[in-house]
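K.L.:
So the sequences go chain by chain: H and L.
As numbered in this note's numbering, residues 1 to 145 make up the first sequence, in order.
As numbered in this note's numbering, residues 1 to 145 make up the second sequence, in order.
For the record, the hints were derived by calculation from the structure and aren't laboratory data.
We put the CB at the ideal spot given by N, CA and C, even for glycine.
Be careful, since some hints might not be right.
[Claimed, not checked] DMTMM-like, lysine to aspartate or glutamate: derived pairs with alpha carbons at most 20 Å apart:
hint : chain 1 : residue 1 : chain 2 : residue 2
1    : L       : Lys112    : H       : Glu75
2    : L       : Lys112    : L       : Glu26
3    : L       : Lys141    : H       : Glu75
[Stated by the list, open to error] If you anchor each label on the Cβ, the simulated ranges turn out as follows:
hint : chain 1 : residue 1 : chain 2 : residue 2 : range
4    : H       : Lys141    : L       : Thr93     : 15 to 21 Å
5    : H       : Lys112    : L       : Arg68     : 38 to 44 Å
6    : L       : Arg68     : H       : Glu75     : 17 to 23 Å
As a plain string of letters, each chain reads:
Number of protein chains: 2
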Amino acid sequence: MTEHSLWGFSRALYRAINERQCEELEALIDDDVEWAIYGPIDMFPFLGARRGRAAVLEVIRQIAENVRVHRFDRESIMLGADSAASMMRYSLTALDSNKPISLRLAHFAQFKAGRLVSIRVLVDTFDLVEQALGHPIRLPKLASS
Amino acid sequence: MTEHSLWGFSRALYRAINERQCEELEALIDDDVEWAIYGPIDMFPFLGARRGRAAVLEVIRQIAENVRVHRFDRESIMLGADSAASMMRYSLTALDSNKPISLRLAHFAQFKAGRLVSIRVLVDTFDLVEQALGHPIRLPKLASS
Numbered sequence: 001m002t003e004h005s006l007w008g009f010s011r012a013l014y015r016a017i018n019e020r021q022c023e024e025l026e027a028l029i030d031d032d033v034e035w036a037i038y039g040p041i042d043m044f045p046f047l048g049a050r051r052g053r054a055a056v057l058e059v060i061r062q063i064a065e066n067v068r069v070h071r072f073d074r075e076s077i078m079l080g081a082d083s084a085a086s087m088m089r090y091s092l093t094a095l096d097s098n099k100p101i102s103l104r105l106a107h108f109a110q111f112k113a114g115r116l117v118s119i120r121v122l123v124d125t126f127d128l129v130e131q132a133l134g135h136p137i138r139l140p141k142l143a144s145s
Numbered sequence: 001m002t003e004h005s006l007w008g009f010s011r012a013l014y015r016a017i018n019e020r021q022c023e024e025l026e027a028l029i030d031d032d033v034e035w036a037i038y039g040p041i042d043m044f045p046f047l048g049a050r051r052g053r054a055a056v057l058e059v060i061r062q063i064a065e066n067v068r069v070h071r072f073d074r075e076s077i078m079l080g081a082d083s084a085a086s087m088m089r090y091s092l093t094a095l096d097s098n099k100p101i102s103l104r105l106a107h108f109a110q111f112k113a114g115r116l117v118s119i120r121v122l123v124d125t126f127d128l129v130e131q132a133l134g135h136p137i138r139l140p141k142l143a144s145s
């Protein structure tokens, strides 16, 4: 039984971000990959949708310039033959400000012949924005309870 | 082959929110269920963690007082024997303001004997907050690119 494609991809992504070594990752991304990390692109230009290997490698290069990953823990995971979904917590440092950032995200990924063909990532973006700003955003209480 | 527990739970949750009929849902929730929707609880008191059936039914009652569901689309789904994960888009109306809200979320759920024992829901919370406020939150551009 071979290793699930998620694990190789995950190791290669970690190396690409922390060590800026993209060769391994490049071989694990389909030419025509669909990529999306949903979030406020005005504040974080490396969020949003990308299409194709070159665009995805470029966005990972931008992520690598902005954050360093300290650790990540998978809180939930589901694996299919060519698919994977996880809920994860990341501990990051924002490199410009040296601020620690703790981030929860969920991803849904599809692989084909061992290569990533599609990934969608959802982030608890309000929490991310407040941490990146370094202060809470004042909110009205809107809901009745 | 019996229907996956997710489908009955999903129908019952929809009825509980839109028709305020909780009987069906009550039968599909474990006594000791673990429940979490991550997000800013100061603005939305029905977000956050709950434990046990009574607390979960109460929070669903609060959600039903605050929103009406118009439609939902599953963009990604993974099903295991007793587990399920989806990425979904919801079209809601906020009942106090009559504002339309379009929401992306991911959930990871575990069932036991047909009942929900655990669910964690991640929401694109910054997008949610901006829609609930009815105006964009001004953000600095933080990242280098």
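K.L.:
Could one say that the CB atoms of H/Lys141 and L/Thr93 fall in the range 15 to 21 Å?
P.N.:
Since the Cβ atoms of H/Lys141 and L/Thr93 sit about 19 Å apart, the hinted range of 15 to 21 Å holds.
K.L.:
Does the alpha-carbon distance linking L/Lys141 and H/Glu75 stay inside the 20 Å limit?
P.N.:
violated (30 Å)
K.L.:
H/Lys112 and L/Arg68, beta-carbon distance inside 38 to 44 Å?
P.N.:
At 40 Å between Cβs, range holds.
K.L.:
Between L/Arg68 and H/Glu75, is the Cβ distance one that fits in 17 to 23 Å?
P.N.:
violated (30 Å)
K.L.:
Given the hinted pair L/Lys112 and H/Glu75, is their Cα-Cα distance within 20 Å?
P.N.:
holds (19 Å)
K.L.:
Sort out whether L/Glu26 lies within 20 Å of L/Lys112, counting only the CA atoms.
P.N.:
Holds - the C-alpha atoms of L/Glu26 and L/Lys112 are around 14 Å apart, at most 20 Å.
Hint compliance for this structure: hints 3 and 6 are broken, all remaining hints hold.
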